[in-house]
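**Q** Each chain, written out:
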Amino acid sequence: MFNEALKNAPRYLIIRYNSLSSYVWDNLFPNDYRRKVLSRIKTLNERKNEYKMMRSISDEATLLVFIFVINNFFTEGSRMAKKTIDILKEFNVSGFYLGRSFFEERNENVVLGDRLAQRLLALLDNKTRDLVLNSKYIYEILEKYKEIRG
Amino acid sequence: MGYYFDQEFAKQGLKEFFKDEKTNLNSFGNKVNQTFEAYTFVQTVKWFKDNGWLVQIVNPKMKGRRIFNLKFSTRGAPSKYSYFICKKNGLKYQIRHQLRVSTKAHRDKNLYRSNICCDVVIMNDVDLESYSTDTALPNKDLISFGEVKHMSAFAELVAGFIGMVYELQPGRLKKIRNKKWRMENHLSPYMNVSGHLYNTAKGLDETIKKRKFDIDIYSFDNPL
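In order, the protein sequence lines correspond to chains A and B.
In short: position in the first sequence from 1, add 1, done, that's the numbering used here.
In short: position in the second sequence from 1, add 10, done, that's the numbering used here.
Note that these hints are calculated values from the structure, not bench results.
In this text, a Cβ means the ideal position worked out from N, Cα and C, and glycines have one as well.
Heads up, a few of these hints could be off.
Which bits of chain B does chain A cover? Going by a derived footprint, with three or more residues having C-beta under 8 Å, they are [what the hints assert, rightly or not]:
1) 31–39
2) 50–59
3) 98–108
Extracted from the complex, chain A is given alone in its bound form (with noise of 0.2 Å):
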């Protein structure tokens, strides 16, 4: 289940799942879209098996718009880090400091979420990643799943 995966990802990221979870399954299969599909399939273990199979499409699917959405939320912290330094400089002012932590040239709070992304990214074969990494929006993920799921 992908529950254990979840035990050790802090609750911001548990959160950000959870509500993605619904709206992937909400979009690829929508209450009307479930009530047409499955009342036409006559028998219950017919409709417990395709019932089955659209959770695990969308449970597939919610997998991959999550990490489409935090390899973004890692990709543009480093961005943002290394644009306000790059500012700063020009006013002779070598980095920030937030909380205990300094923001200076590309030192390791800086570059943090670019690797963070690096080693997420890595779970996915080359066609996925590309996928996650020439997608702008979740909707284009998703239109992936609906073609798998017809």
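Position chain B relative to chain A; hints supplied.
**A** Showing chain B alone in chain A's frame:
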């Protein structure tokens, strides 16, 4: 295996990723919003510099040394934090961040203080040395302001920003940007979101333009 990719492999990898990077992920999550605030603040200053203003930094003195110090909380006296002074054609403004500003409707005789802590403030060059954490800048000294949101924008977020403009500078919410309108020497009140505008937000932004309000929404696709 999966429908599009090997989800079992990804799940196992994510499990290890969250376990190994727990501390870093918490640290990153706690700081990323503030990083975007810092970015918007200095990007605003850069806008002034790029538009011909002479920009000078003012740092507070701490333990005998002048130190660049950003404010990431609504609490704290303004004198303890860095700000910028901008000069051009006889005009002199300050650019500060996380500063409390009185609303347009506030009156000193009121029972309660009516003010809003703005993420970025462009203001007249007035001395804030005596200000405490709760003192608000008089509304007459507010030139413009910026609201920062590290997220994608939806309609309600844009509507909230319009409400903020209504409280601070209601005069901006009139038919101002007509054919003769030229951008002022400074930025108009703006909201800067780090993400994209969802269609619902695009709808409100479109009506803002059609109503010719003097405010801007900046985003990933339309950067400050």
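**Q** Now look at each hint and say whether the structure bears it out.
**A** Verification of the supplied hints:
1. 31–39: holds (count 8)
2. 50–59: holds (count 5)
3. 98–108: violated (count 0)
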